[in-house]
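Put together the whole structure using the sequences plus the hints.
Protein sequence lines correspond, in order, to chains X and L. Everything in the first sequence is counted per my numbering, starting at 1 for the first residue and increasing by one. Everything in the second sequence is counted per my numbering, starting at 1001 for the first residue and increasing by one.
Since the hints were derived computationally from the structure, they do not count as laboratory data. From a predicted model like this one, the values you see are computed outputs, not experimental measurements. Note that beta-carbon positions come from the ideal geometry of N, C-alpha and C, so glycine has one too. Keep in mind that a hint or two might mislead.
[To be verified] Selected chain X positions facing chain L (in silico; Cβ < 10 angstroms):
1) Ala47
2) Thr50
3) Gln52
4) Leu63
5) Arg75
6) Pro81
7) Met90
8) Phe93
9) Glu94
10) Cys102
11) Gly122
12) Arg130
13) Tyr134
14) Phe156
15) Ala171
[Said to hold, decoys possible] Ranges of calculated distance between the beta carbons of each label pair, as one might list FRET restraints:
16) X:Ala282 with L:Gly1128: 36 to 46 angstroms
17) L:Trp1263 with X:Gly15: 17 to 27 angstroms
18) X:Gly64 with L:Arg1039: 43 to 53 angstroms
19) L:Ala1026 with X:Arg130: 17 to 27 angstroms
20) X:Arg208 with L:Ala1271: 42 to 52 angstroms
21) X:Arg130 with L:Arg1232: 17 to 27 angstroms
22) X:Arg106 with L:Cys1046: 28 to 38 angstroms
23) L:Leu1061 with X:Glu119: 26 to 36 angstroms
24) X:Arg111 with L:Ala1215: 36 to 46 angstroms
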Amino acid sequence: MSAAIVFEDLSRWFGEVVALNKVNLEIGSGITGLLGPNGAGKSTFMALCTSQLRPSQGSVRVLGETVWNNHALLRRIGLCPDRENYYEEMTGFEFVYWLMRCTGLRARAARAAARESIERVGMTERMNDRIATYSRGMRQRVKLAQSFAHSPEVLFLDEPMTGLDPLARNAIFELIRALGREGKTVIVSSHILYEIERVTSNIVLLHRGRVLAQGDVHQVRELIDAHPHSVSLRCANARTAAAKFIGEPHIVTVSFDEDGGGLAIRTRDPNAFYDRLTSLLADGILDLESVHSPDDNLQAVFEYLVK
Amino acid sequence: MPIYEQTYRRWETPRLRGGRWLAVAAQELRVARTSALYRRLLLLSCVPFLLCLFLLLVTDLMTANPSMLLRSLVRQVQFTNIDARFFRMYISMATPFAFIFCLLVGGGSICNDHRHNLLEVYFAKPLGKGEYFFGKLAGVCYVPLCVTAAPALGLYLLHMIFSPGTALEFVRDSYWVPGACVALSVAVVVPTALFIMACSAVSRSTGFASVIACALLFMNSAFGNVLAEVLRVQNLRCLSYTRSLVYLGDLLFGDRTRITLHWGFIIAGFAVLSLLCAGVVLRRIRNVEIGS
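Laid out in structure tokens, this is it:
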């Protein structure tokens, strides 16, 4: 089966800034996660695939066709951009309906498509309210609805989970998985590995405009897990917490902050660590103020991979 | 090979062929309608029409029934004759409204889309940049033309209906008036709309675009008039956009004027202005790119 998206020796630069650098890539159907820290070139990747940008060099083909100025192809593509794109005075339904009209659907079909997609993102009750009254998560869902309302074959979702609460996030994860099961090619970008893991195991890692790795997410996770994972805790009883953690076999180091109220822990098994942390919290042993992992963002992974 | 679900409906309805600009135009009007100022102005713009309608009806009814009571009530008033000048007068009264509508709708037409990042979603759809431009232009021009050309044509028809006795004679004498009304309205609205859209394309907010447009028009008008006065050449007044419109109106409606410039120069001037402004707008649209 031929790849849905093909980048051939593709470069795109903005003045002296190289956003994508000689990228050769093939992405098949199903869901693919596009991972990379800020500035990696994810949005440029999306823009090149949706005819927003012209390649400076090389070519990009989607569904076997060149993208730039190919309006017939754009009917088969959906985009959910990462930036806010609304007129605040419009209702959610009007926004999706109007974009369906721009897609070329006739009024009745556009209305039905808008209604159905809004229902799928769980916004039916609020669809006739002005976008100005929506929360960030609601706006995100409406933006998502317009991307797949015309039933595109390839869907590009640029950081679709931004601003969503955990419940809405789960609903969107499920929606993306459902779109993938329907046979659509879905490209989801994010800089958070755990988000991507929830929807697919197939990822492309971008870093500084280059494809760093492509393949199964678990292989990448194993690379990460082989190296100690750092977690910072702040709690009232830091020394008690340290005593509880130090006995765990996966813990590599435990150190205190200068003020004694914080712990910096390095572990070889983040999942085991978080399980232990949860049980300590449930038992009331820890009085946790905050938990933060500098390795939660992909920057740490990339730093490891590029070394 | 995975077997995918095919539960989600695929929309296979006939698609519009080139009618997408209508969606853009309709959206432009929809956004404009949400402004209270716009709605109030829409009501206010009916005043010239109602005034002219009143004059027309009273004149026609007086002509039809010289003995009626109405004549005695209004005999002190010198009513205008319903001729080409009457329709020119209507368009002159409606022109400021047309200009303000162009300013209100056109001022935000491009810059608001930029500010709200809407070009990104527009052009991710199969919407051509030409369609977008034409849709925006149609959206900006629609109401101003409804305020100028449409009521003028309506008044013309009403005059024929209410003065059946002289209708044939009137049509024979002024068959060219509807064409002149449309031509002058288009000459007023389209270059103005394009000019304001160009101002919108190079600015970041509706207010700023409107200020730029007004300032440029004022300076252009002052420049043309001052130059004509200093050099004592009346034709130089046509360097002023507003004065050119007046002169074109004089030519179209057969009014006397001190300017002797050939009408071709005026049309060429408007065409050049329109093309320049369209070029600015299209250049701005074509340069849409998502920064990395």
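How the hints compare with the structure:
1. Interface hint at Ala47 of chain X: satisfied, since its Cβ lies 4 angstroms from the closest Cβ of chain L, which is below the 10 angstroms cut-off.
2. With 10 angstroms as the threshold, the beta carbon of Thr50 of chain X comes within range of chain L, its nearest partner Cβ sitting at about 5 angstroms, so the hint holds.
3. At a threshold of 10 angstroms, the smallest CB-CB gap from Gln52 of chain X to chain L is about 5 angstroms, leaving the interface hint in force.
4. Because the smallest distance between the Cβ of Leu63 of chain X and any Cβ of chain L comes to about 14 angstroms, over 10 angstroms, the interface hint for this residue is violated.
5. Given hint, Arg75 of chain X at the interface with chain L, holds; its Cβ is 5 angstroms from that chain's nearest Cβ, closer than 10 angstroms.
6. Because the smallest distance between the Cβ of Pro81 of chain X and any Cβ of chain L comes to about 5 angstroms, under 10 angstroms, the interface hint for this residue holds.
7. The interface hint given for Met90 of chain X is met, as the beta carbon of that residue sits about 7 angstroms from the closest beta carbon of chain L, less than 10 angstroms.
8. The interface hint given for Phe93 of chain X is violated, since its Cβ lies 12 angstroms from the closest Cβ of chain L, which is over the 10 angstroms cut-off.
9. Annotation: Glu94 of chain X was flagged as interfacial toward chain L, and the flag holds, the nearest CB pair being 7 angstroms apart, inside 10 angstroms.
10. Restraint check, Cys102 of chain X versus chain L: the minimum CB separation of about 5 angstroms is within 10 angstroms; hint holds.
11. The restraint placing Gly122 of chain X at the interface with chain L is violated, with a minimum CB-CB distance near 16 angstroms, outside the 10 angstroms limit.
12. Taking 10 angstroms as the C-beta contact cut-off toward chain L, the hint placing Arg130 of chain X at the interface holds, the least distance being around 9 angstroms.
13. Nearest Cβ of chain L to the Cβ of Tyr134 of chain X: about 14 angstroms, over the 10 angstroms cut. The hint is violated.
14. Taken as an interface hint, Phe156 of chain X checks out: its beta carbon lies about 8 angstroms from the nearest beta carbon of chain L, inside 10 angstroms.
15. Because the smallest distance between the Cβ of Ala171 of chain X and any Cβ of chain L comes to about 16 angstroms, over 10 angstroms, the interface hint for this residue is violated.
16. As the Cβ distance of Ala282 of chain X to Gly1128 of chain L is approximately 59 angstroms, the hint placing it in 36 to 46 angstroms is violated.
17. Range check, Trp1263 of chain L to Gly15 of chain X: about 48 angstroms between beta-carbon atoms, so the 17 to 27 angstroms window is missed.
18. For Gly64 of chain X paired with Arg1039 of chain L, a C-beta distance near 50 angstroms keeps the hint of 43 to 53 angstroms intact.
19. For Ala1026 of chain L and Arg130 of chain X, the Cβ-Cβ distance of about 18 angstroms falls inside the hinted range of 17 to 27 angstroms, so the restraint holds.
20. The supplied range of 42 to 52 angstroms is met by Arg208 of chain X and Ala1271 of chain L, whose beta-carbon atoms lie about 50 angstroms from each other.
21. Between Arg130 of chain X and Arg1232 of chain L the beta carbon distance is about 58 angstroms. The supplied range of 17 to 27 angstroms is therefore violated.
22. Separation of Arg106 of chain X from Cys1046 of chain L is about 34 angstroms and conforms to the stated range, judged on CB atoms against 28 to 38 angstroms.
23. Distance hint for Leu1061 of chain L and Glu119 of chain X: a CB-CB separation of about 59 angstroms, inconsistent with the stated range 26 to 36 angstroms.
24. For Arg111 of chain X paired with Ala1215 of chain L, a C-beta distance near 43 angstroms keeps the hint of 36 to 46 angstroms intact.
Checked against the numbered hints above, the structure violates hints 4, 8, 11, 13, 15, 16, 17, 21, 23; every other hint is satisfied.
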